[in-house]
Amino acid sequence: YVPEQDASWELAPNAFAELNQMYSHCDAEECLCPQGRSYDCPNNRSWKIVRCGSCGSSAIHYSCGQLSLASWKCPECINVLTRDPSHYRMVVLEGANTSGESDADEVSEEEDG
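In terms of full-length UniProt numbering, the sequence shown is residues 1 to 113.
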């Protein structure tokens, strides 16, 4: 059965309002803003909150991060983006035939060097 109308909760006013909210909390180890971590003043560059340019789920005040540019990446994203790819293991499926079915159920992993 496929319904011919949207679910009732989807029709409620502002049902998806939380999707429009952006993260706006300074995640600096020590926030220097006198107004607090949640203060965001777009007219005062020192206390404007800048979100991570990669994930958007972390943010920092210009002054707390000593930023000179409008772009910033959080420590978690920097860690992922600069990780050495040799640390990853390759998983190789063996015995796959052209029909997409597998002749073997074995999965092998490369050994760490």
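No lab work stands behind these hints, which were simulated from the structure alone.
This one's a predicted model, so the numbers in the text were calculated from it and none came from an experiment.
A hint or two may mislead.
Unchecked claim - With a straight-line Cα cutoff of 20 Å, these simulated DMTMM-like cross-link-like pairs (lysine to aspartate or glutamate) come out:
| hint | residue 1 | residue 2 |
| --- | --- | --- |
| 1 | Lys48 | Glu29 |
| 2 | Lys73 | Asp27 |
| 3 | Lys73 | Glu29 |
| 4 | Lys73 | Asp6 |
| 5 | Lys48 | Asp27 |
| 6 | Lys48 | Glu30 |
| 7 | Lys48 | Asp6 |
Said to hold, decoys possible - Quick list of the computed label-pair ranges, beta carbon to beta carbon:
| hint | residue 1 | residue 2 | range |
| --- | --- | --- | --- |
| 8 | Asp6 | Asn79 | 20 to 26 Å |
| 9 | Thr82 | Ser8 | 25 to 31 Å |
| 10 | Glu10 | Gly56 | 20 to 26 Å |
| 11 | Met22 | Leu69 | 27 to 33 Å |
For glycine and all other residues, C-beta sits at the position ideal for the given N, C-alpha and C.
We went through each hint and held it up to the structure:
Proximity of Lys48 to Glu29 is assessed by CA-CA distance (about 17 Å); at most 20 Å being required, the pair is judged to hold. A distance of roughly 12 Å separates the Cα atoms of Lys73 and Asp27; the hinted pair therefore holds under the 20 Å criterion. Distance restraint check for Lys73 and Glu29: the Cα-Cα separation of roughly 15 Å lies within the 20 Å cut-off, and the hinted pair is therefore satisfied. Between Lys73 and Asp6, the direct Cα distance comes to roughly 38 Å. Violation of the 20 Å bound is thereby established for this hinted pair.
Distance check on the hinted pair: Lys48 and Asp27 sit about 13 Å apart at the alpha-carbon level, within 20 Å; holds. Between Lys48 and Glu30 the CA atoms are separated by roughly 16 Å; this keeps the pair inside 20 Å, and the hint holds. At roughly 39 Å between alpha-carbon atoms, Lys48 and Asp6 are farther apart than 20 Å, so this suggested pair is violated. A hinted range of 20 to 26 Å for the beta carbons of Asp6 and Asn79 is inconsistent with their spacing of about 41 Å.
Thr82 and Ser8 have their C-beta atoms about 47 Å apart, which leaves the hinted 25 to 31 Å range violated. Taking the beta carbon of each, Glu10 and Gly56 are about 24 Å apart, inside 20 to 26 Å as hinted. For the pair Met22 and Leu69, the beta carbons lie near 19 Å from each other, so the given range of 27 to 33 Å is not met.
Taken one by one, the earlier hints fail for this structure at numbers 4, 7, 8, 9 and 11, listed in ascending order.
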